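With the hints as extra help, turn the sequences into a complete structure.
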Amino acid sequence: IELLNKVGFEWNQQTTWDRRYKELVSFVEKFGHARVPKKFPQNVSLGNWVNYQRRHLKNHFIGDALSKMKKDRIELLNKVGFEWNQQ
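Going by the numbering used here, the sequence shown opens with residue 6, and the numbers climb by one from there.
It is worth saying that the hints were derived from the structure and are not from the lab. Quick caveat, the model's predicted, so the values are computed rather than measured. Incorrect hints may have been included.
[Said to hold, decoys possible] With a straight-line cut-off of 30 Å between C-alpha atoms, the simulated DSSO-like cross-links for lysine-lysine are: (1) K75 / K44; (2) K63 / K35; (3) K11 / K44.
[Unchecked claim] Taking CB as the label site, the calculated pair distances span: (4) Q47 / Q91: 12 to 20 Å; (5) K63 / E34: 37 to 45 Å; (6) T20 / V49: 27 to 35 Å.
C-beta: ideal position from N, C-alpha, C; glycine also.
So this is what it looks like as structure tokens:
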């Protein structure tokens, strides 16, 4: 542990999901809605992530055991007004 601390190891690594969720929250604060365009030029990764969330939700509801969508994530996304249907 001491060696890892000496080389600057980050113990509290933020997941990609958490990073993108924070970006979504910032998007909502800036634009007043959670309808991130699929091809959002200011943050292409966020646009892609939003589409992945929709796909993971569909897989979750059809019983796909490999779906990364979990109840706590659904609740967080709903909390910021996530649009589950692509428009």
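Evaluated hints:
1. Note on K75 and K44: the hinted pairing holds, with a Cα-Cα distance of about 25 Å set against a maximum of 30 Å.
2. Among the hinted pairs, K63 with K35 is consistent with the structure: their alpha-carbon atoms are about 28 Å apart, no more than 30 Å.
3. The hinted pair formed by K11 and K44 fails the criterion: a straight-line CA distance of about 41 Å is larger than 30 Å.
4. Separated by about 19 Å at the C-beta atoms, Q47 and Q91 satisfy the suggested range of 12 to 20 Å.
5. Hint check: K63 to E34, Cβ distance near 27 Å, so the stated range 37 to 45 Å is violated.
6. In this structure the supplied range 27 to 35 Å is violated for T20 paired with V49, their Cβ-Cβ distance being about 19 Å.
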